[in-house]
Amino acid sequence: MSTYLVGDLHGCYDELQLLLQQAQFDATQDELYFTGDLVARGDNSLECLRFAKSLGQRGHTVLGNHDLHLLSTALGIKKVKARDKVDAIFAAPDFSELMDWLRQQPLFIHHEKLNFTLVHAGISPDWDLSTAQQCAKEVEAVLQSDHYADLLKQMYDGNPDRWSPELTGIDRLRYIINVFTRMRFCYADHRLDFDCKVPLDQAPTELMAWYQCDNPLFQTENIIFGHWASLVDTPTPSNIYALDTGCAWGNRMTLLRWEDKRYFVQPSLNATTD
261 MSTYLVGDLH GCYDELQLLL QQAQFDATQD ELYFTGDLVA RGDNSLECLR
311 FAKSLGQRGH TVLGNHDLHL LSTALGIKKV KARDKVDAIF AAPDFSELMD
361 WLRQQPLFIH HEKLNFTLVH AGISPDWDLS TAQQCAKEVE AVLQSDHYAD
411 LLKQMYDGNP DRWSPELTGI DRLRYIINVF TRMRFCYADH RLDFDCKVPL
461 DQAPTELMAW YQCDNPLFQT ENIIFGHWAS LVDTPTPSNI YALDTGCAWG
511 NRMTLLRWED KRYFVQPSLN ATTD
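Quick note: the sequence shown uses this note's numbering, first residue 261, plus one each step.
The hints are simulated quantities; they were obtained by calculation from the structure and are not laboratory data.
Please read these numbers as outputs of a predicted model, since none were measured by experiment.
C-beta atoms are modelled at their ideal positions from N, C-alpha and C, and glycine is treated no differently.
Heads up, a few of these hints could be off.
The calculated BS3-like cross-link candidates involving lysine-lysine, where the alpha carbons are at most 30 Å apart (straight line), are [said to hold, decoys possible]:
1. K397 to K313
2. K338 to K413
3. K313 to K373
4. K397 to K457
5. K413 to K397
6. K313 to K338
7. K373 to K457
Okay, the calculated beta carbon distance ranges per label pair [said to hold, decoys possible]:
8. T288 to T428: 39 to 47 Å
9. P476 to F454: 21 to 29 Å
10. S262 to D410: 35 to 43 Å
11. S424 to F454: 13 to 21 Å
12. D410 to T496: 32 to 40 Å
13. D354 to T288: 33 to 41 Å
14. L374 to A448: 29 to 37 Å
15. E372 to S498: 14 to 22 Å
Given only the sequences and the hints, what does the whole structure look like? Please build it.
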C-alpha cells in the first residue's frame, strides 16, 4: 500500500486521472489525500467531487476556501460565479448528497503513524499542534451541525487578523477558518495579511510566508498544504510541502508518494486564465 498526496484539483479531473495512472494508483489498496479546493475554475468540478467521495475510507480531503464557498453558494449566501464553472454540480441529481458529504470533511489531518500534517492553506504561527487540532475540531463541529449556515454567512471577513486564546464566538471561528483555508502571508508579529497574493520573491519586505514565522512547529512537523499556486517552483524548507502547482491556471498538477517522496507531474490540459 502507498500513500499519495495531491495538490488542489480545482475541477481538473482529467489531469488527476492521468496523474493517478502515471503513479499506478490502486484505489483498492492505496490511499489518496487531497489538499482541498476540489472544485472551481476547471471544467470538471462535479467529477472531482464524485471521485473524492467514491474513494470512501481510502480518500481523504481537507476543506479549502473554494470548497467552503461552494457550500455557501449552495445555500444562496453568495452568488455562483460563472468563472467557477460549477453549474453541473447544482444540476446533478446527487447535489444534496455531495454537499452533505463535503461539509463533513475536516480542516486539518494529522497522521501520526506516517508523520505528516495536511491542511489547505497553513497553520497559525501562534499555534502548537494540539491547539491546531482543537481549533479545527471547533469549526468542524459547527460545519457538521444543523447550524452551519450561520457560520458560512459570517465567515467572509479578514478580522481578527491575530490569534488570541481569548477569542470567542464568530471572531474565533472566522480566524480559524481564515488560517486553515485563506492564509498566505504574515507579518513578523504574526498578524495575517490577505491582500498580497504575489509570488514570495515579489512580496513586500515586511511580509513573510506563514511557514517562515518563528513557530517551532514549522521546523519540526512535516506540513503539506495547497492553496498557494504562485509558490510553484519556489524552494521551501525540507519539511514543508507546497503541492498546489496551478493546474487550473495552465501550469501542472502535482502528486507526492509519501513513502519514497517521489513526485509525479501532469501538465494542464485545458488552462483557464481568469
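* To do: Just pull the numbers of the violated hints for me, sorted ascending.
  => 7 and 13
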